[in-house]
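Protein chains: 2
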Amino acid sequence: MKKMMGILSVATILFLTGCTDKKDNDVSNTKIEQKEVFTWKLATTWGKTVVPLVSAPIEMAKLVEKMSNGRLLIRVDASNKHKAPLGILDMVKGGQYEMGHSGSYYWKGKDINTLPFTTMPFGMTTPEQYAWFYRGGGLELMLKVYDKHNVLSFPGGNTGVQMGGWFKKEIKTVSDLQGLKMRIPGFAGEIMAKLGVAVTNMAPGELYTSLERGTLDALEWVGPGMDIKMGFHKVAPYYYTGWHEPASEMQFLVNKKKFNKLPKDLQEILLVGMRVSAYDMYIQNYDMSATAWAKIKTDYPNIKVKTFPKEVMDVMKKTNKELRTEVAKKSDLLKEILDSQDAYQKKAREWTKMSDFLYLKDNL
Amino acid sequence: MKKMMGILSVATILFLTGCTDKKDNDVSNTKIEQKEVFTWKLATTWGKTVVPLVSAPIEMAKLVEKMSNGRLLIRVDASNKHKAPLGILDMVKGGQYEMGHSGSYYWKGKDINTLPFTTMPFGMTTPEQYAWFYRGGGLELMLKVYDKHNVLSFPGGNTGVQMGGWFKKEIKTVSDLQGLKMRIPGFAGEIMAKLGVAVTNMAPGELYTSLERGTLDALEWVGPGMDIKMGFHKVAPYYYTGWHEPASEMQFLVNKKKFNKLPKDLQEILLVGMRVSAYDMYIQNYDMSATAWAKIKTDYPNIKVKTFPKEVMDVMKKTNKELRTEVAKKSDLLKEILDSQDAYQKKAREWTKMSDFLYLKDNL
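Protein chains in written order, with our numbering: chain A, 1 to 364; chain B, 1 to 364.
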């Protein structure tokens, strides 16, 4: 029945219904369609106030609802609802949720190949990375990695260059990092640990107090747009520029079976909805960071923006290279992905230098 | 009839048609809708091989067709078809075309307020400008300007920083610009003219030969991705970095009456289709420029990338400021737009410096 009703011409419907008093002269200009309504759920890693990260799935759901005229409804559950912020991949894989919104590098413990799709230390910038995803084979590699988990993974919004973090004391030499208690997770945390940092992790809600009381000497979060609400600038005067997450890309996950059951037009609406929301989040975060930094600078004029000294940066880069080589040994596919990123970055950075960098150099 | 048939429940249709043998148990889960099919035309300024500029409307039309399941069909006419590359605004305004794809600054002769929506010399970079459009009031100002022309205008794809152009001789001082025959249109051309350049314009097809034969000493086009096909690198060894078009944004135009006649879901599909195609074009161009530059560099190792000397740049900046102040006197609305851009750029550039610039500085 569903198929038969799929698309009937107006003429057929008129014949069937006996409604032959149609006055408009646009018979060939209309179609009648029976459309199934899909009601989906999306689980996100973020709490509902974690803007702009949580904005990407929320905006995506709104756009999809409007574009599909209510035929694809996606309820977004923040982490306080599903209580499993780091269980998103499993829940989408298992089908409890049709979709997820999270970060690919959170799954490196389950599958090391998922590591490079968020960002890598000293890696690509946001436009470079989007170009790699959409024009340089990156998306194909990501879909390949997630295929064995029976989910699709797509870019889900970018934070741009994340700041290197808030420090209570200035870092002048590598020895200043010895024993420094710092919250810095992931691959960057491993690098810092090799440099002698006492890397610790703790719940976001404890960070401010820990930094204030000295349980932490330093921490990295995101950038001014998200950091301002945490208040770190009130207790740590050195704000270091970024090196470890130059283009953190969030991630949309979609259960593959559920995706395949959608009609083609809804698949397209969903794909475009995810892609545009990802770009939009990048722009939203740009604006939030610009605005927040202007406020921090005005309210706390003593905050000093610092770049790690060359000596420190060189050791970080060397350690990063070693760790990258080490981790690439774990899987051929991972090596393929990292090599693809390296090659693309090398090519794209030349253009970034000629265009954005040299333009900015004369216009700061 | 159209309204009556607008949305009928499955039960109603089944009753009307006598089809009561439906086996699926999903009555409440489906809707039957009569949908009008809209067949539109879009006129673009570009020839059909002018990739990626022409890709933005072509990709937009494809996405819209798929998302709307064929209910909104947009035929894209390249300039060889309609023969009026610089008549796009008039044709959309007059309704011969429902849509257009062009550049806002082409209409400054008709309405000076349209000038600043493409890019301005020494202005915002691409992410800064998108943040201004979508988060800083820029889109509202653009819609306001075009409202009196009864059209809607939206961002239509960005080229990133455009290169300063190909020069046959190195520019060492301002006096090297005296009498230099250069193709450089628009506001930037006015600046160059004030610096003594003999600014000329000619058809794109004549540029290569003119440069080769010395009828031109220099010219600006776009960037490596588009320049490579023109072959300028074969006859002019100095490639100057950009200052005059740091983020050229193309433009989608939509006839307002036609837009208002679309049902809400198609309006949303069109808006999202335009927004995502614009971002996509930026990324496509990034990739094209990175790839083309790698090729030019390999094939023509003698090409020298140059930045104009500080002395020259300072005079350009000073002249730019004077021209900006002058043009702002022409209309209060133009002054409002330029002031809005200046204020946003000042705020955003601080963040760009801390994030992209300082990251790139250590990673070139």
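Wrong hints could be hidden among the right ones.
In this list, chains with the same sequence are indistinguishable; a pair is considered to hold if it fits within one copy or across any two.
[Stated by the list, open to error] With a cut-off of at most 27 Å between alpha-carbon atoms, the simulated DSSO-like pairs for lysine-lysine come out as follows:
hint : residue 1 : residue 2
1    : Lys264    : Lys318
2    : Lys346    : Lys234
3    : Lys306    : Lys62
4    : Lys194    : Lys48
5    : Lys295    : Lys66
6    : Lys144    : Lys310
7    : Lys81     : Lys310
8    : Lys347    : Lys361
9    : Lys62     : Lys169
10   : Lys93     : Lys321
11   : Lys318    : Lys93
12   : Lys229    : Lys329
13   : Lys257    : Lys168
14   : Lys261    : Lys346
Calculated directly from the structure, the hints in this document are not laboratory data.
* Asked: From the Cα coordinates, with 27 Å as the cut-off, is the pair Lys257 and Lys168 best called within, between, both, or neither?
  -> Answer is neither; intra-copy 50 Å and inter-copy 59 Å both fail.
* 27 Å Cα threshold - placement of Lys318 relative to Lys264 -> neither (48 Å within a copy, 55 Å between copies)
* Asked: What label fits Lys347 with Lys361 when the C-alpha limit is 27 Å: within, between, both, or neither?
  -> So Lys347 and Lys361 pass the 27 Å test inside a copy (20 Å) and across (17 Å) alike.
* Intra/inter-copy verdict for Lys229 and Lys329 if alpha-carbon distance must be at most 27 Å -> neither (40 Å within a copy, 41 Å between copies)
* Indicate which option fits the pair Lys346, Lys234 if close means a Cα-Cα distance not exceeding 27 Å: within, between, both or neither. => Answer is between: at 24 Å across copies they meet the 27 Å cutoff, but 39 Å inside does not.
* How would you label the pair Lys93, Lys321 (within, between, both, or neither) given a Cα cut-off of 27 Å? -> neither (33 Å within a copy, 57 Å between copies)
* To do: Please work out whether the CA atoms of Lys194 and Lys48 approach to 27 Å or closer within one copy, between two copies, in both situations, or in neither?
  => Classified as neither; 35 Å inside a copy, 55 Å across copies.
* **Status of Lys310 relative to Lys81 across identical chains (alpha carbons, at most 27 Å)** => neither (45 Å within a copy, 57 Å between copies)
* To do: Tell me, please, which holds for Lys144 and Lys310 at an alpha-carbon limit of 27 Å: within, between, both or neither?
  => neither (38 Å within a copy, 49 Å between copies)
* With 27 Å as the alpha-carbon cut-off, assign the pair Lys261 and Lys346 to within, between, both or neither. => neither (40 Å within a copy, 49 Å between copies)
* **Identical-chain pair category, Lys318 with Lys93, by Cα at 27 Å** => neither (37 Å within a copy, 59 Å between copies)
* Go through the copies and call it for Lys295 and Lys66: within, between, both or neither, with a Cα cutoff of 27 Å. => neither (35 Å within a copy, 44 Å between copies)
In terms of the numbered hints stated before, the structure departs from hints 1, 3, 4, 5, 6, 7, 9, 10, 11, 12, 13, 14, listed from lowest to highest.
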